[in-house]
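All chains should be built: construct the whole structure from the sequences, respecting the hints.
Protein chains in written order, with our numbering: chain A, 1 to 289; chain B, 1 to 288.
Heads up, a few of these hints could be off.
As the list claims (entries may be wrong) - Each computed SDA-like pair below joins lysine to any residue, with the alpha-carbon atoms no more than 25 Å apart:
(1) A:K287 x B:G134
(2) B:K86 x A:M135
(3) A:K287 x B:K126
(4) A:K284 x A:G140
(5) B:K126 x A:R42
(6) A:K284 x B:P91
(7) A:K284 x B:D68
(8) A:K287 x B:D68
(9) A:K284 x B:A74
(10) B:K126 x A:L34
(11) B:K92 x A:A29
(12) A:K287 x B:T71
(13) A:K287 x B:T12
(14) B:K92 x A:M135
(15) B:K126 x A:E47
(16) B:K92 x A:G140
(17) B:K86 x A:F281
(18) A:K284 x B:M89
(19) A:K284 x B:E87
(20) A:K287 x B:K86
(21) B:K86 x A:R282
(22) B:K126 x A:N254
As the list claims (entries may be wrong) - Covered stretches of chain B (chain A as the covering partner; in silico rule of three or more C-beta atoms under 8 Å from a C-beta of chain A):
(23) 52-62
(24) 79-90
(25) 139-151
(26) 173-185
(27) 260-266
Rather than coming from a laboratory, the hints here were simulated on the basis of the structure.
Built from N, CA and C at the ideal position, the CB exists for glycine as well.
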Amino acid sequence: MSTPTTETTAVPRTEGTVADIPRGRPVGALRIGLSRGWMEIRSFGREWESVVFTFSLPTLILIMFAAIFDGMFDMGMPAVDYYLPGIIAMGLMSVSFQTLGTAIAAERDHGALRRVRGTPMPPSSYFIGKTVLIMFLASGQLILLLGVAALFFDASLPTDASSWATIVWVFALGTVGCALLGIAVSSLARSAQAASAVVVVPFLVLQFTSGIFVPVMALPDWVLTGASLFPLLWMAQGMRAGFFPDAMAEMERNGAWDLHMVAIALGAWCVVGLVVTLATFRWKTRKDG
Amino acid sequence: MSGTVIEVEGLTKRYGDNDAVAGIDLSVPRGEVFSFLGPNGAGKTTTVEILEGFRTRTGGSARVLGRDPGTAGADWRARIGIVWQKETMVPKLPVRDVVRHFAGYYPLAHDPDEVVEMVGLAEKAKAMPDSLSGGQRRRLDVALGIIGRPELLFLDEPTTGFDPRARREFWELIQGLAREGTTIVLTTHYLEEAEFLADRVCVIAAGRIRALDTPASLGGRASAQATVAWSEEGARREVRTEEPTRTVAELSARFPGEIPELSVHRPTLEEIYLGMIEDAHVPEETAV
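Take a look at the structure:
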């Protein structure tokens, strides 16, 4: 049998042949993390089910709403403009919270986490890789929704820099907060199958209670109070602040965009999500002791 | 560099009221192929996973490559390789890309293409992992275990589910690694696998070591008593003796011609092994 290297040919078993080769420094966390990010993006592209269902569902909903609801109710604007901010918020939560919550539970259940823990990969590299993946997916989600809205439905997108600045910081803060929440939720699930229930059901409930499909004005106060404990309501409100004309602020709960509250709520979710993730993240399943 | 790769004293692991590992002492020198042999639930995997730094231990001390596996870091992990017993998911990428990706974790990795070749997956280099057969999938696990050029390789029941030819090829691969000086810790419940590969076999049952020796002298096999049996007055007679030749000579003097239904039997390795683990049935669930 051929041996894999030129410097270690088949020698009789002696004192540590392999051990005598100097190993140098461990590979850096950032380098492995970026390599993982690229690997995650490539393998995500291979998962057709999740690409089709998870990634394009918000776009599908936008297309249906824009086509069906247009002119049906008095929204004061075309349906595509009305629904776009909320569906962007939902799409961002989908690619961060839902993708990570189910994917990490599956990786834990099927030993992918165990495998990487048996390598010199620093734990931070794993999260760097996930960050790269989520930022890639979130940017793709935003571009896809904006592109479909603008190209097929002639949506009126903001033209001033300050609106776009709002959209960008709500995008970043909301995606990070939801991603951390997704990682935390993955640890709650006992198995990969359980994870999809633990992730999908609360997400669905939040979509109906956070002003994505049903306008905030139409929701009972107690529903809004409940939903305001979670990030989706604030992401949607922040996105509306960015996309809608200022006059629309009176349709909000307090008659104002309350961007400081959006920032505080999403910032708080980032902090809480990080703390909960650090406290609960497990490389093993419960059986692994 | 120390000549001892693994040093374990009084190792225990307790789950509730069950001692999965009930006090194990052993020492593995550099370059040895060391095999844990035992039934399901014996404590093999628990012991090995403690040595891999994956499980915590309840008591005792363990040193692997000079470090406590419970606290050792990335530089230590770069020197070991692990082939897990359980199915472990790999990224959904072609085989060679998966191996290439993991090579990037190690400071002294093998060439990924050479490793793919070495484990016999060259023809499948562009195939997706979920299209591989069970045996091929296991070879990919081995490729990922050795890609970092480990000084110490853990193989946890690597050939379960292999057909005889695949198992034989796999054994040759492991022998090749051993010739390069890799210390190998192999757990198996196949007796012939331990006998073929291992320098020393550690029979383990109910969390304790039942025997620890070379395959040839395991359980005092070389000097074990033989059983001489024959028929006399319509009944079967048996004598266990360390001098079967003398017994046969005596019988030969007693009987005029042939000794009726004479047989001389020395225990096979399998019989010795089964005798060792006989009293140690434990529930399956501790095998994980």
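How the hints compare with the structure:
1. A C-alpha spacing of about 24 Å is found between K287 of chain A and G134 of chain B, which places the hinted pair at or below 25 Å, so the restraint holds.
2. Distance check on the hinted pair: K86 of chain B and M135 of chain A sit about 32 Å apart at the alpha-carbon level, beyond 25 Å; violated.
3. Between K287 of chain A and K126 of chain B, the direct Cα distance comes to roughly 34 Å. Violation of the 25 Å bound is thereby established for this hinted pair.
4. With a C-alpha separation of about 32 Å, the suggested pairing of K284 of chain A with G140 of chain A is violated against the 25 Å cut-off.
5. A distance of roughly 15 Å separates the Cα atoms of K126 of chain B and R42 of chain A; the hinted pair therefore holds under the 25 Å criterion.
6. The hinted pair formed by K284 of chain A and P91 of chain B meets the criterion: a straight-line CA distance of about 18 Å does not exceed 25 Å.
7. Our distance criterion of 25 Å between C-alpha atoms is met by K284 of chain A and D68 of chain B, whose separation comes to about 20 Å.
8. With a CA separation close to 23 Å, the supplied pair K287 of chain A and D68 of chain B stays within the 25 Å bound.
9. Taking the CA atoms of K284 of chain A and A74 of chain B, the gap is near 18 Å; set against the 25 Å cutoff, the hint holds.
10. At roughly 23 Å between alpha-carbon atoms, K126 of chain B and L34 of chain A fall within 25 Å of each other, so this suggested pair holds.
11. For the hint linking K92 of chain B to A29 of chain A, the alpha-carbon distance of about 22 Å falls within 25 Å, and the restraint holds.
12. Taken as a hint, the K287 of chain A and T71 of chain B pair is honoured in the structure, with Cα atoms around 21 Å apart against an allowance of 25 Å.
13. For the suggested pair K287 of chain A and T12 of chain B, the alpha carbons sit about 18 Å apart, so the restraint of at most 25 Å is met.
14. For the hint pairing K92 of chain B with M135 of chain A, the CA-to-CA distance comes to about 20 Å; that is within 25 Å, so the pair holds.
15. With a C-alpha separation of about 17 Å, the suggested pair K126 of chain B and E47 of chain A falls inside the 25 Å cut-off, and the hint holds.
16. Our distance criterion of 25 Å between C-alpha atoms is met by K92 of chain B and G140 of chain A, whose separation comes to about 21 Å.
17. A threshold of 25 Å between alpha carbons decides the hint, and for K86 of chain B with F281 of chain A the separation of about 21 Å falls inside it, so the pair holds.
18. Of the supplied pair hints, the one linking K284 of chain A and M89 of chain B holds, its CA atoms being roughly 13 Å apart against a limit of 25 Å.
19. A threshold of 25 Å between alpha carbons decides the hint, and for K284 of chain A with E87 of chain B the separation of about 14 Å falls inside it, so the pair holds.
20. In summary, the hint linking K287 of chain A to K86 of chain B is supported, as the alpha carbons are separated by about 12 Å, within the 25 Å threshold.
21. Distance restraint check for K86 of chain B and R282 of chain A: the Cα-Cα separation of roughly 17 Å lies within the 25 Å cut-off, and the hinted pair is therefore satisfied.
22. Annotation: proposed proximity of K126 of chain B to N254 of chain A is violated, straight-line Cα distance about 58 Å (limit 25 Å).
23. Figure legend: the segment 52-62 of chain B, annotated as covered by chain A; annotation consistent (4 residues with Cβ-Cβ distances under 8 Å, at least 3 required).
24. Counting residues of the segment 79-90 of chain B whose CB lies closer than 8 Å to any CB of chain A gives 9, which reaches the minimum of 3, so the coverage claim holds.
25. Counting residues of the segment 139-151 of chain B whose CB lies closer than 8 Å to any CB of chain A gives 5, which reaches the minimum of 3, so the coverage claim holds.
26. Counting residues of the segment 173-185 of chain B whose CB falls under 8 Å from any CB of chain A gives 7; the rule of at least 3 is met.
27. Under the rule that three or more residues need a Cβ within less than 8 Å of chain A, the assignment of the segment 260-266 of chain B is violated, with 0 such residues.
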